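Chain by chain, the residues:
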Amino acid sequence: MPELAVSSGSMSWNKTGSWRSSTPLHIDKTPPCNFNCPAGENIRGYIDLLKHYQTAEAFELLTSANPLPAVCGRVCFHPCQAHCNRHGFDLAIQVRLLEKFIGDWGLEQAPTKPLPQTSGRKVAVIGAGPAGLAAAYYLRRKGVAVTMYDDHALPGGILEYGIPAYRLEKDVLQAELTRVLTGIEFHPGMKFGRDFDIGALVEYDAVFLATGAHQSKRLHIEGENIPGVESGLGFLQQLNSGEKIDVQSHNVLVIGGGNTACDVARSAYRLGAHVTLLYRRTEREMPAFAEEIEQLRAEPIHCEFLVAPERITRAENGTLTLTAIRMKLGEPDESGRARPVAIEGSQFTLIADRIFAAIGEDPDVSFFPNAQQHDDGEFDFSGVDARLAGKLFVGGDLLPNPRTVPHAVGSGRLAAEKILAQLRGEPLVAHDCVVEVAGPEDINYRYFTRINAVKWQTGLAAGGALSEQSAHAEAERCFSCGVCSKCDNCFNFCPDLAVIKSAGGYQVNLEYCKGCGICAAECPGGSLRMRQQ
Amino acid sequence: MRQVISGNEAASLAVKLARVQVISAYPITPQTTIAEKLSEICGSGELAARFVRVESEHSAMSTLIGAASTGVRTFTATSAQGLALMHEPLFWASGARLPIVMVDVNRAMAAPWTIWCDQTDSVAQRDTGWLQFYCWSNQEIIDTVICAFKIAEKLLVPCMVCYDGFFISHTYEPVEIPEQKDVDEFLPPRNAEYKLDTENPHTFSGGTLPNYFMEFRYKLQRAFERAPEVIARVYGEYVQCFDRTYDSVESYAADDADAVLVASGSAASTVWHTVKALRDQGRKVGLLRIRQLRPFPAAELAAKIHPPQRIGVLDRNLSPGTGGVFTQEVRAALHRDGHTGRIHEFIAGLGGRDITMNNIIDIYDRLEQKTANASAINWVGLNP
Chain A
428 MPELAVSSGS MSWNKTGSWR SSTPLHIDKT PPCNFNCPAG ENIRGYIDLL
478 KHYQTAEAFE LLTSANPLPA VCGRVCFHPC QAHCNRHGFD LAIQVRLLEK
528 FIGDWGLEQA PTKPLPQTSG RKVAVIGAGP AGLAAAYYLR RKGVAVTMYD
578 DHALPGGILE YGIPAYRLEK DVLQAELTRV LTGIEFHPGM KFGRDFDIGA
628 LVEYDAVFLA TGAHQSKRLH IEGENIPGVE SGLGFLQQLN SGEKIDVQSH
678 NVLVIGGGNT ACDVARSAYR LGAHVTLLYR RTEREMPAFA EEIEQLRAEP
728 IHCEFLVAPE RITRAENGTL TLTAIRMKLG EPDESGRARP VAIEGSQFTL
778 IADRIFAAIG EDPDVSFFPN AQQHDDGEFD FSGVDARLAG KLFVGGDLLP
828 NPRTVPHAVG SGRLAAEKIL AQLRGEPLVA HDCVVEVAGP EDINYRYFTR
878 INAVKWQTGL AAGGALSEQS AHAEAERCFS CGVCSKCDNC FNFCPDLAVI
928 KSAGGYQVNL EYCKGCGICA AECPGGSLRM RQQ
Chain B
2 MRQVISGNEA ASLAVKLARV QVISAYPITP QTTIAEKLSE ICGSGELAAR
52 FVRVESEHSA MSTLIGAAST GVRTFTATSA QGLALMHEPL FWASGARLPI
102 VMVDVNRAMA APWTIWCDQT DSVAQRDTGW LQFYCWSNQE IIDTVICAFK
152 IAEKLLVPCM VCYDGFFISH TYEPVEIPEQ KDVDEFLPPR NAEYKLDTEN
202 PHTFSGGTLP NYFMEFRYKL QRAFERAPEV IARVYGEYVQ CFDRTYDSVE
252 SYAADDADAV LVASGSAAST VWHTVKALRD QGRKVGLLRI RQLRPFPAAE
302 LAAKIHPPQR IGVLDRNLSP GTGGVFTQEV RAALHRDGHT GRIHEFIAGL
352 GGRDITMNNI IDIYDRLEQK TANASAINWV GLNP
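Line by line, the protein sequences give chains A and B.
Here the numbering used here is used: the first residue of the first sequence is 428, the next is one more, and so on.
Here the numbering used here is used: the first residue of the second sequence is 2, the next is one more, and so on.
One or more of the hints may lead you astray.
Claimed, not checked - Within a straight-line C-alpha distance of at most 30 Å, the following computed DSS-like cross-link-like pairs (lysine-lysine) qualify:
#1 A:K941 with B:K196
#2 B:K155 with B:K305
#3 B:K196 with A:K913
#4 B:K196 with A:K928
#5 A:K845 with A:K540
#6 A:K618 with A:K597
#7 B:K196 with A:K442
No lab work stands behind these hints: they were computed from the structure.
Because the structure is a prediction, the values reported are computed rather than measured.
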């Protein structure tokens, strides 16, 4: 008899797996950042690479979904951050800074990769904005010859002519465009329907149309066409084209609450104007990105909310008088936002030197006079011309999507995939099939330490950009929501030694797994779950 | 090498010299500086041990039970309520025959709240199946902790090394620190016959039916019965390497004494000084210092008592309703040996109260003048 109570033989005969009533499964969920990225980036994936100081691999992964990381690191509204499970715990992972870090690394250090030989297939891309650029980039990298047309002198579309330089530095844009356009034949100053027509497109295997939305919406009020009343987008285009605009000490009124209105107001302020922004709802309903509104409000720009313009008149000396009416919020309209309702008799006047209308833009599809538009805003070009039948793909602002750069990029990449599938004569393979999004309930928050958000943010972005070290530190905070981070918790906690490490991650030895569920309870990111048998 | 160090530093150094592999401890005064020192030693890489932080003493002991089951050398330290919180896993450690070594820095049990010294915390654990040593100097601590690993591993019984909070734990004394190479020679790595091995899985301490349980208790008792011989042998080896040794009962001028006081811990050193002073005055008084509560050195004690000496026991602990725990043990031991004399029980120094030389002189006076009560507790320095 031994000194202590120990079994005389090995206990491996005791297949405790037979006690099991539920089984642990390693099944990745979709992280909320990835799910909410309009460009379809694998954000968690490149953050994980940054954790391991693999910036080159992170750049590779990021640009496999979005060829414009330096641009998007500056202008994207980053819904990934708004949906980050760390948001509300302490501070969302600052994906914007990480994307900018990777993008800027790419501008400086990305090795030039040889492009594949063109295979003889040819695609025309009309419009050199973010949608067209993304489509062209991915097509060319698959050996398709791409010819790109744009009516402007420079490529970039809204990036070049819409977004002010204080939000997107010109040298950054240029550098990124240079990389994206490598190997692509670009024809500037070519407006579809004016400088070339369908006849010129017949030779292509496919055509990608992404001409954007440049036509400012009309105010539909008296006096909107008198001199001094102009389109906000036109003002930004002039400014971005390098035209001298003198609004020094002018009283400038900006009408609208979107990103264009904010950019116009902030640009005019930078040119020395006294700026008042008029919006018919409240700050809460402004359609501009939260970050842009925050920056607008931080600047000495006067905002008049719940105000709608009624009439504009012009005096002999050129002074403009805007008659406006006060509004109140009523029932929600079809957009879900409270409908502004005029308060009768509340008219008042504002004096101005310049008035910019920026209440939205519409696509101009006059090149296809017989194009149809559905109720949801989607264009139907299927019957425009028999010569383009089955060959025409559209993207960017021609789609009824939110008008954002990442949405445009995502539509361009998707179009490229569709075109490639069609050229190969295969159906499109959906590879981003969403199973389940990992929410806060999937995170084991006890494994994570709260940081002081204010202190952290201040330290992180000192100098406006991340160092490799701070990018690594920021990446380290990622929960890896729903995706196995190979932390070994399941391996370490299993009382039956039933979790086995394998090349791809972990396997469960069902001969011995009792189904106790400790592994799933201790999984920090929620990629392990128990399934009842 | 000789250094002036505290009792807690002596314990920590012994742990380092013993090349302990897993340490788990939860801070409690007056033990805390041991855990601090050990975490430093582990953090700096001086000791290649895993220091496991835990949320309670119960977890500290449970952690060591798991660790020791794999065959590694383990250590923890605690005091008072912390030791009480370990009570349940203490039985597991001994029943599973795991040679865990623990230091208990003696501290009185609250309530009322106290951080000061008495031995009630460790004597209350006498039935948990742990060996218990009581030290009176920092030198004895470093020597005893090193020996404790060897004794525990030979017997497969866990071992507690106890010494008085603050009086010893925080007092600095010159200590001869053994050389690492000598300790390595004296104390080779633990070689566990039974250990958890994932490649060869066995069940340990699983459900045991009435037809076997009693036999495992018998084996544990047998280990304690073998302990005196093993302890003597280990100290015999120790003296060969380090030129220092200790007996389970140490006699100071007791052989020819008319009045003998049995004491342990730091109080014994006050008794020792008092004996020296009284001997100078020609009084025939002596000290028997007890170094173990478990196993209680009954035979060794009986051999050192020579009737008709008057015997007193100084207890710095209280088992309410009975009295001092050492007194009970001495009475039981001597009765077993056929001794019929009266044993006088003195309770002193509870909750950190000083036991002064005047207190001891008073005790010897009462023993010599036969004024000590032989059938009730003699309270020392009490102001009711």
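**Item:** Hints that the structure is at odds with (numbers, increasing)
**Value:** When the structure is compared with the hints, none of them turns out to be violated.
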